[in-house]
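> These are the residues of each chain, in order.
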Amino acid sequence: MSTLVATNKKSFGATLWDYLTTVDHKKIAIMYLIAGGFFFLVGGLEALAIRWQLVQPMNDFVSAGFYNELITMHGTTMIFLAAMPLIFAFMNAVVPLQIGARDVAFPFLNSLGFWLFLFGGIMLNVGWFTGGAADAGWTAYAPLSTTSPGEGVDYYVLGLQISGAGTLMGGINFLVTIVNMRAPGMTYMRMPLFTWTAFVASALILFAFPALTVGLFLMMFDRLFGAGFFEANMGGNAVIWQHLFWIFGHPEVYILALPAFGVFSEIISTFSKKRLFGYTAMVFATVLIGFLGFMVWAHHMFTVGMGPAANSIFAVATMAIAVPTGIKIFNWLFTLWGGSIEINTPMLWALGFIPTFTLGGMTGVMVAAASADYQFHDTYFVVAHFHYVIVGGVVFALLAGLHYWWPKMFGTILDDKLGKITFWFFFIGFHLTFFIQHFLGLMGMPRRYWTYLENQGLDLGNLVSTIGAFLMGVGTIFLLINIVKTTMKNERVGGDPWDARTLEWAIPSPPPFYNFKQLPLVRGLDPLWVEKTEGRKGMTPAEPIGDIHMPNNSFLPFVISVGLFIAGFGFIYQKHDLSWLTLIFIGMGIALGAMLTRSVKDDIGYHIHKEDLQKEAEE
Amino acid sequence: MTDKVSETSQQFDYEKQKRKEEMKQQVITFALMIVFTLISFAMVLAELDRLFVIPVILVLAAIQVGFQLYYFMHMSHKGHELPALMFYGGVFAAFLTILALVVLVWW
Amino acid sequence: MKDWMGKIRTLSIFSFLVMVLTACGKDNLTALVPKGYGAEQSFNVIIISILVMIVVFIVVMAIYIYVVLKFRRKKGQEDQIPVQTEGNKTLEVVWTVIPILLLIIIAVPTIASTYDLADEGEKEDSINVNVKGMQFWWNFEYANEEVQTSQELYIPVDQKVYLNMLSGDVIHAFWVPSISGKMDVSPENENTMYIQAFEEGVYWGKCTEFCGDSHSLMDFKIVVVSQEEYDQWIDGMKNTDPEYTAQSASAQEGQQLFNNNCISCHAIDASATNPVIAPNLADFDNRTMIAGIEHYSKEALVDWIMNPGEIKPGNGMMDAEYLDDEGMSTISEEDVEKIADFLMELKATDEPVDSVKDFREQEGQGN
Amino acid sequence: MSEHDVLNPKHMPHNPEKATLEGKNKFIGFWFFLGGESVLFASLFGTYLALNDSTNGGKSSEELFGLELVFIMTMLLLTSSLTSVYAMYHMKNNDFKKMMVWLGITVALGLGFLCFELYEFNHYIHEYEFTMRSSAFGSAFYTLVGFHGGHVVFGLLWFISLMVRNAKRGLNLYNAPKFYIASLYWHFIDVVWVFIFTVVYLMGVL
Ligand code: HEA
Ligand code: HEA
Ligand SMILES: [Cu+2]
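Residue numbers (the UniProt record's numbering), protein chains in the order written: chain A, 1 to 619; chain B, 1 to 107; chain C, 1 to 367; chain D, 1 to 206.
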């Protein structure tokens, strides 16, 4: 079975089919990157529309109802359809390579996870075209959400349910991959920090998403089947939704933040040419943040009325997270200390990240002080806080990672000059947009405000904020230009363009589909660096060349996702007309049929034969 | 790979014997579970004091679950360290969730 | 690039100072100039935490700037390999322990004020107001007085006033930044908070829990008056008459129209027995604003009645029968003006309290 | 380990479910998944506990629940847990026939449980007009117990499809992990039920 023959010239149809059926983590990574990037642009356009509406008081660029759809979809899109998938893109592209694995533990599930995410994301956005998208905020607090007319919130519920299932699969997949598939010698305490953060983030996914799943089911039953979980008239209680949402929602922000920390740990260490300072403490801090992340969710609910005891407990627990996060900040600073710091685009993002995230974390601690949060809560101060941590932490990391791993993923390197231009526009625009929002909040501007009255002292701040947002837009356009230009030029680079330290740089860029011809023998932290310091070019193999076992491609994940997508419409529209139930049957039939096919058809993969590998080596 | 595919028949018989022992234990466990269930039901039917019954039946339920996990699902065997860790991670989150929803929802 | 970073820093420090010194926002709206007990408590914690944060930020930035300037790779050093340090126990202990101490500095006052603000010790002996939030307006019922009013809550200065808050539909939140922090108003659990204002005046209140289309327009006011004025006002409210007959000819016609079209939802007297369906219009002529957001004037009132959906999208009045499918009034503009004349006769006290007078003047609404 | 070894039923190691990398992955992954499932059910239990008094003037748990049925259901499910232990016992002894028999018994007991549950729901709906829409308590009850019931259905379908698919070819290293994790799933369903009968039914009639 010699699929090794270079597949340079493939017809478009064949390539498409290849991607629709692929179970290769590297291709799935590319699909996550494209889809997540697309949704980032969508969410960014929504943000620009938001800012444009707020450019002056009593503006009527968009209507109140449409504005509410914009913020809801902006938040939902950015968190679930942009940030998370982009993180999954890098986890897929990098984690198996960093631990010296040939693939993830469950390649089939990996592909299923992607397609579920994509169809869930599409489902969420279908609302735009069928009379209005979700409009109850990304947090969808009941009873506003359960009583919101139209189908927007139904699309939110089903879209998130479908893509959430995909995310959960992704989480389990990475956990098992990291537990079981590490190369010989790759002990836990030799794993690169990005892998560690991916591991902890996956564990958070595993424990946090089920709460959202249940919350969404309850909301679906309320909206579509007349249940009364959140309906005060039926004895229900809307606070339950808030708890379920935040039991998921708070760990979610660390699901985003931890891998971002991982990205920076790699970049900072690589470009200051030093091993990570306090590696053990970094690992420990990562785990501790993950653990504490489960005990603080009610800090989003200080004004709900839980009473001073609960508020105090959650306030203190929340503040505690500043300690492990501080450990990280200082360890990064001391990694830089005494290093030989090279400032190129990825490093520039990392250097921009440190002060920005510190600011965001500090305002986090400020809002964690319950009695102060009585003022901050639901104002632009909070908007400023979370954009500082999410954009300044997560988006910066994604952009840094994009420039850092682009060569590994595509074998060509993004233009450094354009990269720096992108950075400066985005960075300055970012601070212009969000720094001033702290003051807007304290000056009496609540969030989720379609408009604000004249003569309230809020005009200038909002104008500045809007200008900043458009500078970020300009930065993003430079990024797009960079990507197009680099792809057109397509100058190839070698396996290790950054003189880096971890395993993924020990193999060609882009890596062959089986990753490692021979599994590498890992002899320390930063394995490639270890070999380099001992004068070797690459890794020492841990096994002789032998047959490589590969999983088969499959079209079923796509089919399952389409099935659930179809069923989703059935669930939504049966509330108007029961004949839509047929769609549920058709959709679930397709999905379950595909699952059944999967379980009765043996899938034991195939082997790349030793001889082919050797032949390839000679070519 | 700890499990050799080809085993000597001696080894196989030894393992088989061991499993038989274990199976006996599991039947005993099962009997205990039934007994616990009976006690729980009986206590409720006897209409004892609420404040006494509720903690007791909860504890009995917890023990039963322990039996399921450690005997029926073999969590006591080696190679289950990580499964146990992750499972208890889930139980921890589960516990917080229930606590919150019971304590912090009505006032 | 070095001076870039420097510039940004000076710029941000400068803008910070500018903000603090000159523009703390609009008086009686901003949380930065507290004029009530709750706002003051929160403000203290805010200040303490900001001071701690400034310390933290200075430390982080000092190290950061030093490292970035000092250890940048210079020309000719490309091949130099720095020492690969593993870590440093002492340092690690230092940056674990110091943040813990700093956090304690914030945590202690936080907990103290959190308990303080939840204190219900004096509830029995204080004014109690039952607050009801609805899309997109507020109703206030004085529990001990059997009086209710809408949109504008009158309280005496320096008195603790307890608010018992419940929502009629979705969750809202009650926020008057200059007087006190916010509290959710939820449909199933009654929340209690107290407010206490230090100065007379009219304070801006906002809904801060996302509640639908006109969430951003669900403004209300707290009118802080002297004890004397408060007593007079309450008296006046008690004497508002459901059988009131209009004085001027046009208002009499207006009353007729009002009785045909509006009375099923709006009451014109402040009695607590009136069902809470739509804002209570007793004392209308002394309002600070129309619909909570428009300057008080006849034009604004007429505009509102003619097309309420234009001003507050999605508000409950759009179900009124006098409106056509487009939400436009089927009553002619002349008639609506008569209704306005009628409403502008309704008052509990002969003239507005001082706070309201001042407010109208400041906002430039003499007419 | 090649596909040849995987599908060769002659030699079975004593932990066939974990003998291949795929098996190990499934084994670990499934345990992790159960960790997530406990949060899922905790969310449902928490919701139920928050709402179990919210009868909105309708039927309450005291008025509804009878313990006889629940006792029978409990016995059925507990027993089925033991029978699936027997099935795994025989799997490890490489005795495919006996394994299938015990699995068959497990499925039968599970079906019995399911019938009683359906009968119970039906009873409440038609005798007491107690539905998901009656009150928040009704919503919470049907959702929690229904989710468990849904798991039972899924477990049964899983067992049955495994049994049908492998009936002819016997045990091998490819399907042993599948049988094993299906039985883990079944035990987990039992774990949940133990809490349901305690928290929902027993505490509900107290
Ligand atoms: C990536 C996402 C991310 C991250 C990392 C964080 C990090 C933190 N967040 Fe944030 N948060 C959000 C995303 C995030 N948050 C979002 C999206 C919301 C709003 C959701 C919504 O309502 O829509 C939110 C809202 C939010 C609230 C609710 C506010 C409200 O609605 O009223 C609170 C309250 O406690 C909070 C606290 C914190 C804290 C204490 C941290 C800490 O982890 C920060 C720790 C970091 C540091 C402190 C800096 C570095 C440390 C040092 C240099 C050491 C020394 C420091 C000290 C001694 C202070 N966040
Ligand atoms: C990952 C999360 C994330 C990210 C990255 C962002 C990014 C941005 N966000 Fe926001 N935001 C949230 C998560 C995020 N946000 C959440 C959760 C909420 C709360 C929602 C709620 O209340 O429910 C929120 C709310 C929110 C508000 C408050 C709305 C309100 O309360 O009324 C505002 C207002 O300024 C805002 C602005 C921005 C801006 C200007 C950006 C910028 O950084 C965006 C920068 C990106 C661009 C500018 C892209 C530009 C695109 C192009 C140039 C397109 C080119 C197109 C083609 C070639 C086709 N966001
Ligand atoms: Cu949080």
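Keep in mind that a hint or two might mislead.
Calculated cross-link-like contacts (lysine to aspartate or glutamate; reagent style EDC-like; alpha-carbon spacing at most 20 Å) [stated by the list, open to error]: (1) D:Lys-168 <-> A:Asp-603; (2) D:Lys-178 <-> A:Asp-496; (3) D:Lys-98 <-> B:Glu-15; (4) C:Lys-26 <-> A:Glu-491; (5) A:Lys-537 <-> C:Asp-79; (6) D:Lys-98 <-> B:Glu-21; (7) D:Lys-168 <-> A:Asp-416; (8) C:Lys-75 <-> A:Glu-342; (9) C:Lys-26 <-> C:Glu-361; (10) D:Lys-98 <-> B:Asp-13; (11) C:Lys-357 <-> C:Glu-228; (12) B:Lys-20 <-> D:Glu-63; (13) C:Lys-132 <-> C:Asp-169; (14) A:Lys-537 <-> C:Glu-190; (15) C:Lys-74 <-> A:Asp-416; (16) B:Lys-24 <-> D:Asp-95; (17) D:Lys-98 <-> B:Glu-22; (18) D:Lys-178 <-> A:Asp-459; (19) A:Lys-532 <-> C:Glu-78; (20) C:Lys-26 <-> A:Asp-603.
Hint data in this document are derived by calculation from the structure and do not stem from the laboratory.
Here the structure is a predicted model, which is why all the values come from computation and not from measurement.
> Could you work out which of the previously given hints the structure breaks and list their numbers from low to high?
Hint check: 2, 4, 7, 12, 14, 18 and 20 fail, others pass.
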